[in-house]
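Residue numbers (this note's numbering), protein chains in the order written: chain P, 1 to 389; chain Y, 1 to 389.
Among these hints, one or two may not hold up.
One copy or two, it doesn't matter: identical chains are merged, so the pair holds either way.
Simulated pairs of lysine to aspartate or glutamate, EDC-like, Cα-Cα distance not exceeding 20 Å [stated by the list, open to error]: (1) K171 <-> E84; (2) K292 <-> D106; (3) K148 <-> E46; (4) K148 <-> E126; (5) K148 <-> E161; (6) K104 <-> E200; (7) K292 <-> E69; (8) K292 <-> E72.
These are computed hints drawn from the structure, not numbers from a lab.
Number of protein chains: 2
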Amino acid sequence: MSSFTVRARDGAARRGTLRLAHGVVETPIFMPVGTAATVKGLTPAEVEALGAQIILSNTYHLWMRPGREPIEACGGLHRFMHWERPILTDSGGFQVFSLQGRRKLDDDGVLFQSHIDGSRHRFTPEGIVNFQEALGVDIAMALDVCVKLPAKRHDLERSVELTAAWARRCKEAWTRREATALFGIVQGGLDRDLRARSAEALVALDLPGYAIGGLSVGETRPEMFALARYTASLLPEGRPRYLMGVGTVVDIILAIEAGIDMFDCVYPTRCGRNARAITRSGELNLRMARYKLDTAPIDAHCTCYVCRNFTRAYLAHLFRAGEMLGAILLSYHNLAVLLELTAQARAAIERGAWAAWRDEALHTFGDEQAAATVAAPGIAERCAEHARP
Amino acid sequence: MSSFTVRARDGAARRGTLRLAHGVVETPIFMPVGTAATVKGLTPAEVEALGAQIILSNTYHLWMRPGREPIEACGGLHRFMHWERPILTDSGGFQVFSLQGRRKLDDDGVLFQSHIDGSRHRFTPEGIVNFQEALGVDIAMALDVCVKLPAKRHDLERSVELTAAWARRCKEAWTRREATALFGIVQGGLDRDLRARSAEALVALDLPGYAIGGLSVGETRPEMFALARYTASLLPEGRPRYLMGVGTVVDIILAIEAGIDMFDCVYPTRCGRNARAITRSGELNLRMARYKLDTAPIDAHCTCYVCRNFTRAYLAHLFRAGEMLGAILLSYHNLAVLLELTAQARAAIERGAWAAWRDEALHTFGDEQAAATVAAPGIAERCAEHARP
């Protein structure tokens, strides 16, 4: 059985400990994404060396490929991918509802065609919980109904209602409660009333944790954080809160400010494969000519394996030569930055120095636009204002 | 100054120790190939963990990209790629002479166009030695003239003469003798007289080591090993012998049998990127449907990181899903096999058990064709017969 303890608070920011079947996760935490049972480009030994406490994988992708059978034959997802620490799997709701024109929703579930081979599949709340339990993951997400924004009020309402009904069915289908914690997903778009209705229905189910879905889908940063903060305020204090699909360095800092505990995003590894380095001087494109002779490390303030041992000139060469090692090393560094960021955030909250750390980190990492967003009256204050319904 | 000691002999097979500026290399040894200053798909930490004692890089490729300047700015090739053990660079002769129709040979050197952008470059013996010394490599190869087989006698003769003349110029241009050992390359195609002429001219230069070039270019396996054994017999006992571009497991065993000490080949990493696993049960193609549910390791007799922790089913999934980790893990395993193979060969020669070990290894690893090649009268015997000029 999972448990969560908030050990310290500083403003809305929380410092927590989440105990799961495969280990303890200290929050706030960034979860590297391993969509297809691999954090792209890295061995599990490297992901462990990075200090990742929990990684994310994806039900939709694993269902399609390799399917349940090989994973079960290997003894579950942990053994299949040789990752011994906790795993969270997304329910696949987001992916299925992204299949425009290739999926059909009814009250019972959703019928869709695979993006790989066009084969037909059906997701139901029960089937998705059953699949995730068979994988043996530490956190299973309930099947939710995602709506693309902007959306009609009617569609948003139906998404909120079905998501609640499906979460109830997920809870009923949830049997391996010692091994797997079930999280619900709050929907409702950018509408505060619907967010409140969705949160209320899910909280009534008394689940081990709650996610905020349907954000980070194109809305502005102030909109996103106003909603995240508002939604977080509707969730129980004693349960972990997970903002799905977030995000950049600045997004993560703002999400912690909003009272969120867990984050995931493909951003660091996707950037890593595209020569984009996350640094304390902003984002660098290592394909630019200026780095060809640059003997500095990617980030002079970073102590990761890559920054201790390699130069920008070497990384620039690897990307130009189309060598895999470029993507490998840069994915490693980018993940190191986000994991170090959340480690520092935890320490700052613990010592009651959150606001000062936040402002300095936003200043250090922020691109100019982000800095402007955060400047007076400040995103935090604006979020707080918006949060009064 | 490099030094080489033959510590044990068993038949023609030799067990030696080669001391170089960046460390000691125990021979016979397989050298992983890092053409563009990276062993494809692996971090230097992984290559080190594999127990690689020396790696190979390529003058032609480094000259083209990234060029001399970034490598020198980073303090040489070792620092550039963060590899602290010995490095050998091929001279680039093989690559330049592969540029059919885009290169022009004269007595002084060779003019050619880059395969990357068509830019014009000129290799001379002096320029190539100078470049390799600037990289700070432990072993520099002299610039040789390669001829595509089958070739006219006249072309082979010219290749042998020019290769000898260029080796003399390389030796004259060779200044950093403490840091970099210069190896000559014996040419001569499949013609014993020309091989003898080439070896004689090079041996007269008293170089720290000798390579056999112009083999493994399409001739049959018996032809190759007859020539390798013959050429090896013409080289001084007290100098290391390097058979360029070899090879598969069976090729390496036969080359050791022929009295060769060093080998390199892209075979293990190229196979690794193409789902082909080198195992003690032959080569496996992990894309085949039969491995989808196979919970065995790649090779049950292998103790490498990959075989200890991952199944064929997982590797099969990674290749199907197009995930980089498939190539990474399989390159790692394939290199582990070749490095373990040469470690076992060293041990067998030391304890005077070479012939028994060789026969068992050929039986274990050999595909059926290779086994047939080696069967009575036996490649070793046939090589020995052919070797009498």
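The hints, checked one at a time:
1. K171 <-> E84: For K171 and E84, neither the intra-copy (26 Å) nor the inter-copy (55 Å) Cα distance is at most 20 Å.
2. K292 <-> D106: neither (55 Å within a copy, 33 Å between copies)
3. K148 <-> E46: So K148 and E46 fail the 20 Å test inside a copy (36 Å) and across (44 Å) alike.
4. K148 <-> E126: neither (24 Å within a copy, 65 Å between copies)
5. K148 <-> E161: within (16 Å within a copy, 73 Å between copies)
6. K104 <-> E200: Answer is neither; intra-copy 27 Å and inter-copy 79 Å both fail.
7. K292 <-> E69: Between copies only: 9 Å across, 47 Å inside.
8. K292 <-> E72: Cα proximity of K292 and E72: across copies only (12 Å, versus 47 Å in one copy).
When held up to the earlier numbered hints, the structure conflicts with 1, 2, 3, 4 and 6 and fits the remainder.
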